[in-house]
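Engineer: Starting from the known structure of chain A, fit chain B onto it as the hints suggest.
Read top to bottom, the protein sequences are chains A and B. Residue numbers for the first sequence, in my numbering: 1 to 402. Residue numbers for the second sequence, in my numbering: 1001 to 1601.
Hints in this document: simulated from the structure, not taken from any laboratory. Wrong hints could be hidden among the right ones.
Subject to a maximum C-alpha distance of 30 Å in a straight line, what follows is the list of computed DSSO-like cross-link-like pairs (lysine-lysine) [said to hold, decoys possible]:
{"no.": "1", "chain 1": "B", "residue 1": "Lys1408", "chain 2": "B", "residue 2": "Lys1146"}
{"no.": "2", "chain 1": "B", "residue 1": "Lys1463", "chain 2": "B", "residue 2": "Lys1507"}
{"no.": "3", "chain 1": "B", "residue 1": "Lys1463", "chain 2": "B", "residue 2": "Lys1505"}
{"no.": "4", "chain 1": "B", "residue 1": "Lys1573", "chain 2": "A", "residue 2": "Lys380"}
{"no.": "5", "chain 1": "B", "residue 1": "Lys1565", "chain 2": "A", "residue 2": "Lys380"}
{"no.": "6", "chain 1": "B", "residue 1": "Lys1556", "chain 2": "B", "residue 2": "Lys1571"}
{"no.": "7", "chain 1": "B", "residue 1": "Lys1398", "chain 2": "B", "residue 2": "Lys1296"}
{"no.": "8", "chain 1": "B", "residue 1": "Lys1565", "chain 2": "B", "residue 2": "Lys1576"}
{"no.": "9", "chain 1": "A", "residue 1": "Lys380", "chain 2": "B", "residue 2": "Lys1556"}
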Amino acid sequence: MPSGPPPGDPAPADGSLPDHALVGLGQRPFGIYIHVPYCAHRCGYCDFNTYVDTSGAVASYVDAAVAELRLARRVLGEQAPAVSTVFVGGGTPTLLPVGDLVRLLAAVRETFGLEDDAEVTTEANPESVDAAYLSQLRDGGYTRLSFGMQSTRPHVLAVLERRHTPGRPEQCVAWARAAGFEQVSLDLIYGTPGESDEDWAASVRAAVDARPDHISAYGLTVEPGTRLHAQVSRGELESPDDDTLADRYVMADELLTGAGYGWYEISNWARDEGAWCRHNIGYWRDGDWWGVGPGAHSHCGGVRWWNVRLPVDHAAALAVGRSPAQAREQLDPQARRVERILLGVRLVGGHPVADLTPAGWVAAQRFAAEGLLHAGELSKGAVVLRRRGRLLADLVVHGLVS
Amino acid sequence: MPATDPSIIRNFCIIAHIDHGKSTLADRMLEMTGVIDARNMRAQYLDRMDIERERGITIKAQNVRLPWTVDGTGYVLDLIDTPGHVDFTYEVSRSLAACEGAILIVDAAQGIEAQTLANLYLAIENDLTIIPVLNKIDLPAAQPDKYAAELSKIIGCTPEDVLRISAKTGEGVPHLLDEIVRLIPAPQGNPDAPLRAMIFDSVYDAYRGVITYVRVVDGQLSTRERCLMMSTGASHETLEVGVISPEPTKTDVLSVGEVGYVIPGVKNVRQARVGDTITASSRQAHVPLHGYRDPKPMVFSGLYPMDGSDYPVLREALDKLQLNDAALVYEPETSVALGFGFRCGFLGLLHMEIVRERLEREFDLSLISTAPNVVYRVVMENGDETVVTNPSEMPGGKVEEVYEPIVKSMVLAPTDFVGTIMELCQSRRGTLLGMEYLSEDRVELRYTLPLGEIIFDFFDALKSRTRGYASLDYEPAGEQAADLVKVDILLQGEAVDAFSAIVHKDKAYAYGTAMTSKLRELIPRQQFEVPIQAAIGSRVIARENIRAIRKDVLAKCYGGDITRKRKLLEKQKEGKKRMKTIGRVEVPQEAFIAALSTNPQ
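With the rest of the complex left out, here is chain A (with noise of 0.2 Å):
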C-alpha cells in the first residue's frame, strides 16, 4: 500500500469506546461515511484504498458493510443519533449495482434513523451511471451526487487514466437534474502533467457550465506508490511545480467567484451555503463520524480509529463479531486543540482566537500583516485565511499551533 495507516494504539476487539467519548454524543452532527473499495481500473495517480475485484469479493461487501452498522449501532448504544449525513465513497461506489447503495443507505436508516433534511451523498463515476441509475439512487433516498470529473481535456484524463469521455459529466449532471437531485457536485483535478493553463481554463469552465451546485478542486498530488509516481520518476511525465499549482488555484477560484461560487473550504466552492457538503464540514468542525468499510476512519468524541485495509480482512473480523478496526488513538486536550486549528482554518468561518495560545496569537498577528489572515476578521475574534493565506494554509498552522 502507498500510505499505509497511522501506528496506533490497539483497539478493542467489540469495537467499544471508552465513556468519555460518549459524552456529548448526538449534541453534534453525525455522519456515516461508508468506503465502498472497488473500482473497475485503478487509476494511475490513486493512492486510495481500492481493488480490482477479479473473484467476485465485491458481492459479499454490503453484507460486511451492513454487518458493521449494526456493530455500529451496539457500541454507539441508546444513545446512539440520528444520522444527518451518509456520505458513500470511494474507489468507485457507482460500481455496485443500484440495489445495492440503496440497501446501503436502508441498513443505516434501520439502525440508526435518518434525520428528516439528512444529507445522503454517493460519489459517481461518469462513466458507470446513467439516467435509470441515477433515478433509482434518488428513489432510494439519496439527496446529493459527486461526480468525478476531474478534466474536460482528452489528454488529461488519459494522463489521469480516467476512462470517461469529455461531456459526459455534464451530461450526468443534466440526468441527475432530472432525476430529482437538488445537489450535484463536480470533482476537478489541476496540476496535471500535461495540463496547461488553458485546458484548465477550460475545464473549469465547462464545470461551471454544467451548473452544478458545487464544485470542488484539488491539486493533483504525486503520490508515492503510485504508477504516475514511477512515470514522474522516470522522467516519462513532468509534474508541474508548486507554483504552476499556485497559478491553477488562483485562476480556478477567480472562475468560480466570476460565475457565482463562493469559496467556503481550501479546495471547495458552492453556489451558496445550503449547497455546501454538511458531511465534509463535519470533519473540519470536530464532529462525529462512523467510517464503515475497509480502511475507513472514523471519530467519536476524541478518539479516532481506522479499520484494516483489506476487504477480506474486514470481512473476515465482521463474520465472526469482531471489529475492523485495526487501531486507535485517544487525542489529549492539546492534540486536539492543534486538529480543531489545523482543520477549522480550512473554513470560510475561520477558528477562533480563543483557542491560540499568546505565541499562536503572535503569529497569527504576524500573518495578518503578511496579508495571509484577513486583519478585520482577526480583530472580530476569527482566524480567517485571505487567498494567499489558503495557498499557505499549511505554514500558517505552523505559527497557529507554536
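Structural biologist: Same frame as chain A, now just chain B:
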C-alpha cells in the same frame, strides 16, 4: 637477555602503494618465518586500528621481528611497516631512517604509483638498499617484463634484479627473505657511545600509557636507566623495553642496530614524539639524530556537533584522540551559523577524514565540518602580520600581501592523459617543473601547486579526468604571495561565517556562483524572498534568489484521515527544530553539510 650481534640484524621496510600487496606480503612473511602459524593468522595482522583494516591502509607504523636462517646462520630480520599516505610523509621518513634497506613492492599488473615513487626517492635519499619486487605475478593481467623494465630504469638496476613474487600464494617469498639477508647491510653503530635511539612511532595505550617504537643507533637502551627526550630535555622512567615478535616480549635491553619498543612512563604522545632522539639521562649524548621536526598542521577545518549539546562530548573526544595523535591541533571557536565547535588542524585531507571518522565512530558524535582550508599569512600595509586559519577571520582593510602554502607535486599517469593533466594543473595555478617518461606509455609530471587548490577537489578531478589511472603525491614547498580574496556568502544580506572562503581573485566569481546556486537548491523556499549573494568586501559578485513560497497546503483530507494530517504536521515541526535560523532564514542542517562538502555535485 644478551644483546643481539648487529652483524645478524637486518632492518628493512616495505614501500608500496595501497592495494599493491604490502600487508599481504607482511602477513606471508610472518607465516613463513614461523612467527605466526597459519591457524592464528588474520589478514593484515599488523594493521591494528579498525579504520586501517577497513581502508586497507596503514596509519601508524608497526614493526615485527622475524627469525630467518640462511646457510646455517640465524638472522634477525626487523620489518618496519610504514604508513603509505602523503599526509604522513614525515612518519614515513622516520620509518625509513630506522632501516638499512627497503623492499619496493609494485603490482605487476599496474606498475608504480606516484606515492610509491615519492617514498622510493625518500628511501634513496636516506641511502637505503632497495630490493625491487613485482608482486601479484599470479594475476592473468600481470605484465612482469614490462614493469621490470620500468622499475629497473627508475632504480638504475637491470630487469633481472627485479624479483617476482606472489604474496598471495607465497611464491618467491622465501627467496625474497634470503635476498634481504644477502643484500641489506647490517646496522652500524658505536656500542660504547652514549645511547641514541630514534623514535619512529609513538602510540597511546589506555592501560600502559605511551608506547614508543625505537631504533637504537648507538649505545644501549636498558630499563636500568632513565631515558631522556632530547627535544624537550625531559627525563622519564624506563618502565619496559622489549621487541615485537609478534606480541610485545620484554628484553630489558636493546642494543646497537636493534628495533623494539620502550614504555617511557609518559601520558601522551606529545611527550615522546616521532623523530625525537632518546638518550640516557645519566650519560647523555650531545648531538641528537638528525631529522626531528614538529608536526605542522597544513589543513584546517571547523568541527561542530550537529546537536549543540554534544559540545562537551566533542571536547573530551578531541582530548582523547590527541593523546595518540601528536599532529592534531584544535582550539574552540564560535560560528554564528553553527554554534560552538573547534577549529582543528590536520596534516592533510586523509588525516582530517580519519580524525572525523574516529570522532563519529568511537565517540558516537554527529558532526558538521566546514570546508577545509589552508593557513594564510596576511601582511598589512603597516607591517602587522596575522596567521589566518579560519577564512571568516581574514582581516579587511589595508592588506599589503597574502601568502599561501605551496607544494611540489608529482603526478604519474599514462601518456595519453598528459594534455588533460596539464590543463587541470594550469587551471589550479600550477607551474610545470618538469616531465619525464618512465617508460613508453607512462609519464611523470612535476608541478608546483598552491596547497589550497589541492585540498579542494584536485584529487577527485584528477582521478575522474584520467579515469582513475593517475596517481598523485606532494610535499610542502614553502609559501608564495598570491592575489587572494575572501568571498563571503550572504543570506538576506547577512554573512554566514561558515561559508566564507579564501580563493584566488580569478576564481572568486566561479566560487561565488557555484556556492550561491548550490544554496539556492538546498535552502527550502521561505515565506519571503531570500536573496543569496556572494561578495568580496562590499562588492557583490554573484546573486541568486530563492523565491517566496506560494503553495504549502495539502489539498485533501483523505476520507477523514485526520490523524495522518496531524502526524505530518508534527513531523514537519520536528524538522523545523533541526533548522538553523540565520537572520530570519531557516537553513536545514543538510544544506550546511552539502554546501560545505568539497565534492561538486
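Engineer: Each hint should be assessed against the structure and marked as holding or not.
Structural biologist: Consistency of the hints with the structure:
{"no.": "1", "hint": "B/Lys1408 - B/Lys1146", "result": "holds, 29 Å"}
{"no.": "2", "hint": "B/Lys1463 - B/Lys1507", "result": "holds, 22 Å"}
{"no.": "3", "hint": "B/Lys1463 - B/Lys1505", "result": "holds, 26 Å"}
{"no.": "4", "hint": "B/Lys1573 - A/Lys380", "result": "holds, 29 Å"}
{"no.": "5", "hint": "B/Lys1565 - A/Lys380", "result": "holds, 28 Å"}
{"no.": "6", "hint": "B/Lys1556 - B/Lys1571", "result": "holds, 18 Å"}
{"no.": "7", "hint": "B/Lys1398 - B/Lys1296", "result": "holds, 29 Å"}
{"no.": "8", "hint": "B/Lys1565 - B/Lys1576", "result": "holds, 17 Å"}
{"no.": "9", "hint": "A/Lys380 - B/Lys1556", "result": "holds, 28 Å"}
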